[in-house]
Structures are given as structure tokens and as C-alpha cells.
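Engineer: Sequence:
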Amino acid sequence: MACLTGKTRGGADWIPAFAIAIDPEKCIGCGRCFKACARGVLGPEDFYDEETDTERMVMSLVNPDNCVGCGACGTTCPKGCFSFAPLEV
1 MACLTGKTRG GADWIPAFAI AIDPEKCIGC GRCFKACARG VLGPEDFYDE ETDTERMVMS
61 LVNPDNCVGC GACGTTCPKG CFSFAPLEV
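For the sequence shown, the residue numbers in the UniProt record's numbering are 1 to 89.
Possibly wrong hints are sitting among the right ones.
Unchecked claim - Label-pair ranges, simulated between beta-carbon atoms:
hint : residue 1 : residue 2 : range
1    : A12       : T52       : 44 to 52 Å
2    : F47       : C3        : 25 to 33 Å
3    : P64       : I28       : 17 to 25 Å
4    : K7        : E88       : 17 to 25 Å
5    : G29       : P64       : 17 to 25 Å
6    : D46       : G11       : 44 to 52 Å
7    : D53       : G11       : 49 to 57 Å
8    : E55       : I15       : 33 to 41 Å
9    : G71       : A2        : 18 to 26 Å
10   : E50       : G80       : 15 to 23 Å
11   : E51       : G6        : 34 to 42 Å
12   : A2        : T52       : 38 to 46 Å
Everything labelled a hint here was simulated from the structure, so no lab data went into it. Glycine residues also receive a C-beta, built at the ideal position from the N, C-alpha and C atoms.
When you get a sec, could you build the whole thing from the sequences and use the hints?
Structural biologist: If you want it as C-alpha cells, here you go:
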């Protein structure tokens with residue numbers, strides 16, 4: 001299978017990596033990724049942490065089909081919560 005590809009402004013090949021998951025165990029709910037995403041892919045979600053027996057806010061992929069594969073969310077994430085993958089066509 002081939003991957004969706006694009007070109008950079010300089011003409012180099014670019015393979016976008018789309019956000020496919022956020023690890024709620026790592027996410028601290030800081031919202032940096034939410035602010036970085038211009039496409040409305042992310043949103044807050046309540047997460048029950050069994051280890052601490054508390055509920056806290058984490059980010060989730062609320063509109064994953066809006067992702068353009070820019071990677072801004074993962075770049076701003078201080079905890080490395082995101083998983084990315086190219087789109088196979």
C-alpha cells in the first residue's frame with residue numbers, strides 16, 4: 001500500500017503523520033495541543049484515574065477526520081502523549 005504524500009514549499013516529499021491516539025495516562029490536560037490545533041481535532045474529556053481514584057481532564061481526538069497531519073499537537077505536548085501514523089491509500 002502507498003501512503004498519502006505531499007510536497008513542501010521547497011519541493012521535497014512530505015508524508016504527513018496523522019494523530020491517531022492520545023495516551024490518557026500521560027496527558028496532564030494542559031491544553032497546549034488544543035491551542036496549537038487550528039482544525040478543531042482535539043477537545044477535553046473527563047478521565048477516571050484508577051491509580052489515584054480521581055477524575056481529571058485530558059485531551060481526546062473529538063474530530064479526528066479534521067486532522068491534516070501537521071504534527072503541531074505533538075510538538076507542543078510536554079508529555080509525548082500523541083501517537084501518529086501516515087494515511088495509507
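Engineer: State for each hint whether it applies.
Structural biologist: Tested hints:
Between A12 and T52 the CB atoms are about 45 Å apart, so this pair conforms to the stated range of 44 to 52 Å. Look at F47 against C3: about 32 Å separates their beta carbons, and that is inside 25 to 33 Å. P64 and I28 have their C-beta atoms about 21 Å apart, which keeps the hinted 17 to 25 Å range intact. Remark: the range hint 17 to 25 Å for K7 to E88 is upheld by a beta-carbon distance near 19 Å.
The hint said 17 to 25 Å for the Cβ distance between G29 and P64, and at roughly 19 Å that hint holds. For D46 paired with G11, a C-beta distance near 45 Å keeps the hint of 44 to 52 Å intact. Checking the proposed 49 to 57 Å range against D53 and G11 shows it holds: the Cβ atoms sit about 54 Å from each other. Taking the beta carbon of each, E55 and I15 are about 38 Å apart, inside 33 to 41 Å as hinted.
Distance hint check: the CB atoms of G71 and A2 are about 20 Å apart, consistent with the given range 18 to 26 Å. The hint said 15 to 23 Å for the Cβ distance between E50 and G80, and at roughly 22 Å that hint holds. For E51 and G6, the Cβ-Cβ distance of about 41 Å falls inside the hinted range of 34 to 42 Å, so the restraint holds. For A2 and T52, the Cβ-Cβ distance of about 44 Å falls inside the hinted range of 38 to 46 Å, so the restraint holds.
When each numbered hint is compared with the structure, no violation occurs for any of them.
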